[in-house]
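Spelled out from the first residue to the last, the chains are:
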Amino acid sequence: MKQKLKEHKEPFVRIAKRVKIEWWKAWGIRGIALVGALLVCAAIIYAVVALNPLQVYKAMFEGAFGTNKRLWVTIRDMMMLLCIGVGLAPAFKMRFWNIGAEGQILAGAIASAACMIYLGTLPGILLLLVMFLCSAVAGGLWGLFPGVFKAKWNTNETLFTLMMNYIALQLVAFFVALWENPRGSNKVGIINPNTRAGWFPPLFGQDYALNVILVLALAAIMFLYLKYSKQGYEIAVVGESENTARYAGIRVPSVVIRTMTISGAVCGIAGFLVVSGASHTISISSAGGRGFTAIIVAWLAKFNTFVMILIAGLLVFLEKGAIEIASRFDLNNFVSQMIMGILLFFIIGCEFFIQYELKFRDKKHKEAQA
Amino acid sequence: MTNEIRMVNIRKTFGEVVANDKVCLTINPGEILSLLGENGSGKTTLMNMLSGIYQPDGGHIFVGGREVVIRSPRDAFALGIGMIHQHFKLVDVLTAAENIILGLNEGALTDLKAVGVRVKAICDRYGFVVEPDKKVYEMSVSEKQTLEIVKLLYRGAEILILDEPTAVLTPQETDMLFAVMRNMKEDGKAIIIITHKLHEVMDISDRVAVLRKGLFIGEVPTCETDPQKLTDMMVGRAVSLNIDRPEPKERRECLSMKNVTVVDSDGVKKLNDVSFTAYGGEILGIAGISGSGQKELLETVAGLCRVCPGGVIAYTAQDGAERDDLVGKSPVEIRNLGVRLAFVPEDRLGMGLVGSMGIPDNMMLRSYKEGHSPFTNRKKPKELGAAVVRDLEVVTPGLTTPVRKLSGGNVQKVLVGRELAASPSLLMTAYAVRGLDINTSYTIYRLLNEQKGRGAAVIYVGEDLDVLLELCDRILVLCAGQISGIVDGRNTTKEEVGLMMTHLSAAEEGVDS
Chain A
520 MKQKLKEHKE PFVRIAKRVK IEWWKAWGIR GIALVGALLV CAAIIYAVVA
570 LNPLQVYKAM FEGAFGTNKR LWVTIRDMMM LLCIGVGLAP AFKMRFWNIG
620 AEGQILAGAI ASAACMIYLG TLPGILLLLV MFLCSAVAGG LWGLFPGVFK
670 AKWNTNETLF TLMMNYIALQ LVAFFVALWE NPRGSNKVGI INPNTRAGWF
720 PPLFGQDYAL NVILVLALAA IMFLYLKYSK QGYEIAVVGE SENTARYAGI
770 RVPSVVIRTM TISGAVCGIA GFLVVSGASH TISISSAGGR GFTAIIVAWL
820 AKFNTFVMIL IAGLLVFLEK GAIEIASRFD LNNFVSQMIM GILLFFIIGC
870 EFFIQYELKF RDKKHKEAQA
Chain B
31 MTNEIRMVNI RKTFGEVVAN DKVCLTINPG EILSLLGENG SGKTTLMNML
81 SGIYQPDGGH IFVGGREVVI RSPRDAFALG IGMIHQHFKL VDVLTAAENI
131 ILGLNEGALT DLKAVGVRVK AICDRYGFVV EPDKKVYEMS VSEKQTLEIV
181 KLLYRGAEIL ILDEPTAVLT PQETDMLFAV MRNMKEDGKA IIIITHKLHE
231 VMDISDRVAV LRKGLFIGEV PTCETDPQKL TDMMVGRAVS LNIDRPEPKE
281 RRECLSMKNV TVVDSDGVKK LNDVSFTAYG GEILGIAGIS GSGQKELLET
331 VAGLCRVCPG GVIAYTAQDG AERDDLVGKS PVEIRNLGVR LAFVPEDRLG
381 MGLVGSMGIP DNMMLRSYKE GHSPFTNRKK PKELGAAVVR DLEVVTPGLT
431 TPVRKLSGGN VQKVLVGREL AASPSLLMTA YAVRGLDINT SYTIYRLLNE
481 QKGRGAAVIY VGEDLDVLLE LCDRILVLCA GQISGIVDGR NTTKEEVGLM
531 MTHLSAAEEG VDS
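Protein sequences, first through last, are from chains A and B.
Each residue of the first sequence is one higher than the one before, starting from 520 at the first, in the working numbering.
Each residue of the second sequence is one higher than the one before, starting from 31 at the first, in the working numbering.
Wrong hints could be hidden among the right ones.
What the hints assert, rightly or not - To give an idea of the chain B side of the interface with chain A (calculated C-beta under 8 Å), a few residues:
id	residue
1	V342
2	L395
3	Y398
4	F405
The set of hints was computed from the structure by calculation and includes no laboratory data.
Beta carbons are placed, not taken as given, at the ideal position from N, Cα and C, and that holds for glycine.
Bound-form chain B, shown alone:
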């Protein structure tokens, strides 16, 4: 059965927002198609229509030449279409095999052993490693993703849609995923991959389709294009893809951590004897597999984590006169010390902002206590909010629209805008560009460089090694809560950092001051 899929003139609106319009797309068996576009360009929406989560408002979908209506993911499975979402749809307390057969309705009694055998056959064929009896909550992100793919193959998927599969993987894991994808392609499967990372597009795909603001812009064979051309198509104008890295001037000590250990409520060491110094006028990158202690590191500085006895966090003010120990201080006490600390946390709506409030109310989140009046000052946050919207080009229906309703990039701009407004001497960002499109990402890089130029110490926790290597002056690599090394961003390689992310001892000699 040939399973070529054609989407013709697809249209989808959410209220007044046109997510997709006049989109035409063809996917052939034995081919990897990259779907490229900025945030909010409608990639995920389009794929959700193919996998039965949304219904198109207009247009037609043909599978193998026959028009179909896909009303549910079950219909999609029946057509051989399966999607792996950014957020995995797995049940944590079940095993791999149980997750695979979940919802399959193969009779009341299921022979899990037979399932295991079939799973093994699929794994051998494509080069996966899945342990059928392992529980999902014991799996790493990469294992979970593998399980999702195997789950689809088990159900007979011929067309696989992967929504930003590499966002959560290390470089090594990404290579493994790509190898498997190539095997599947050889086997005649059609694969659609959504990604922001252009070098991956160049690496893995046969064809590239580009969406911009919901419209279909064009389609090119990968071998006839390059990252610059693709970016221009995505953004609609020429964009420079180089990230600036000005030489640091007047480095001065800003924050110095010594022997800091943090233990969570379960007694697990999240940070283990961490010591480093961040300097004003430079960007210190922090790399590591997700969950290696990045979050705790930043939250400890911000006064949100309890430090074990013996740790010191010394903060030196910009004039170099004062030195304060931040250990044991609450966020309010830290602020009262005069520490100008800006913090862009990873969880934007769950920590950095209040989703149900508008921009002005969010602007005063960290400063609402100022002044002696029992009432909040409404004027200043309103002015600041308007300024952020204007300067960072935040797209919002109105100043008071709940920020939860804004797109991811605009949410981040609001958050970054607020944090930078306090002219910080120490700026900490966690995954500042996660999920953001190229344009917004470059805006963020520019803002970080501006802070560096002002003499602020910038700590940048990132996951994209290419960006870390281009942007940061030094890179601190965390592995399981310990520092496995601090390397010079100008003289290191992706491979070296990748290795340090997984091995503690590998780069002992790389540790500098």
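Extracted from the complex, chain A is given alone in its bound form:
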């Protein structure tokens, strides 16, 4: 075996875990990552379609914030994503892989639409309250099932919540057929277009102001709940180790069920926002994949609901901007997805450099001599 011995030089670079990092350094790294991502995007845009990258970025910006209406649509969608992220936070903090937000949103959306259709004669505020409660209950039920099965029989929550999405999707298809308007269109169409019953009323002259208030309130409550409440503490302990939780006298099954119900309920409220606060209709694309995008929001923010505002804003900005450049420069949607992919790669990837540092060979020798 001795013959196999090879002479090695020292490795050129080694990876070492950082003990701590100053906040300005961490944000510096994130800033560099963002600039790097924009540069790489620019190079690719130029190389592939020979457009001026600056113009493309300008178009993106205008797409998201260009007009008052666009600005408010961007804010509306950002609040939507934030709401779902807030809903997912407790589940993921408990290390419960809730990938069923889509289904929970749709369940809430069905409940809201049903209230609008069947209870459209109730007075405005009361109807909104009933819708809010019904959508929360519907979403909560959609979270409760996988929670109960996990707690009682230790089923795999990832598969379970995913399957619940398809059930919700089929239910929506059923109700779309039931509530079809006009007949034969296979669409529900705008609900209560004349009475506007169950629509979010404009506040301060803005159609979407209520969305903002509602979601920010939810985010603040969730922040306090997770950080300071006893139940939030239980969630953190269960997420870390079930053994520790049992040792501490926490009844793990009931925490799992309770937390999943809360998670589903908030996602259900997101469904209420979709129907009542945005589209005023329901279709199988009411959730539109946002239940999955919000997983990124929740994890990137490390379940801090205020950081989620930033992340949700960034993602929605990218989406809106990408749609704009696709239409303005006659590109297809893949360009937008590419840009989004590159940006996310850099932003998530730079966390590595915040956790670890690189040590180069030369530096080491200097250190040794010092």
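Chain A is already provided as a structure; the job is to place chain B on it using the hints.
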């Protein structure tokens, strides 16, 4: 080929922590070197650099006079260096022979029979017993360790590094290991053994090298030193090595278990008809080979294991008035009964503490529910955390640093500090000093004796028989889930307890009340 190894001025840092600095070490063939030092003194780090797991930040390593760079365990093997880690690196579902050749790249088809023959030759030469076709998951800890050693020898290791090999062995198994180590030494192998147990150092090694806080303190031939001198070198000042054992005063019944049987989810009896009484004002030691039911015994009292019908766990409060049956009660119900139960579990970060939380958040783990507010009380745990850090001299960068980032000894201090803060009437500890250095261990012994002095009943599950014999008033010996006897700590011997650990009937006559 002479394989003397020299490490010169080795330095290694992890972030701001200096794990090793200016360490010089020489190991010669045909010699057993003990590497001694407290926790966090950098022993394992140093050896990891020799076996290719870490890269030194400075300094040089020479093998046979030639400078080498060891970039991976594969490089280390090529140099004839092999390390046996505290946590074995074996694949459970493979056989002994398969584990031995794993990763050797000896061509696509491997003749397992030939491997078996070679393994047998190695075993005969040094006095090992290895069954090549036995699966690892069927092996005892001692067998796994033997397999690890044979694996290294099979690969032609000339220098063997053993990281705390005796921590998991019974006295008899340790003797067997030492016999084998002496055979290997005769054969010209160089052996480095990391251990905390001074009598083992005296017993097996030729030379002792001492590290303290990452620095090389010195090196002495074993025959010219004694445990007291070595301790002083390790700690940096004179330390008394005697463990106190005050006479129990006012023994009173605290916890009485009768006919308790516990069956796990696979239907295996983990505790079999266990009956004993723990008294306030005394330390009851529990000895046994690991996995003999110690864990289940404590968890049953804590309300974490289901007891089979017929068992009784009677708890008598300190004033002697109440008697409660704890069987079938949850931890919360037990607490609500007013049972002041402190429990230091074996798995500190996986059960006793929440690794990702800071000290204050961990302080409220067992008491966060107190009060009617839906929000947690942040002030009390913070004060308690600060008090524990101050009183037990916990070394931490900050109060809110995740406890997972603290060293093992400091983690244990945080856990013990929290459990003692509730002024318990019954204190249960599982392997309270496992992996701790001498200084911290003696702090723990002192704290246990303090609780005993307060009149608390202390149950101490331990693995080091020397400590059990010095510390405990009575020792309960478990064997395969049954009590093989309860002996008086003052009148028993290591051999007697060791025998009872492996044989149920051996000490029938030793059973007292």
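Against the structure, the hints come out as follows:
{"no.": "1", "hint": "V342", "verdict": "violated, 22 Å"}
{"no.": "2", "hint": "L395", "verdict": "holds, 5 Å"}
{"no.": "3", "hint": "Y398", "verdict": "holds, 5 Å"}
{"no.": "4", "hint": "F405", "verdict": "holds, 5 Å"}
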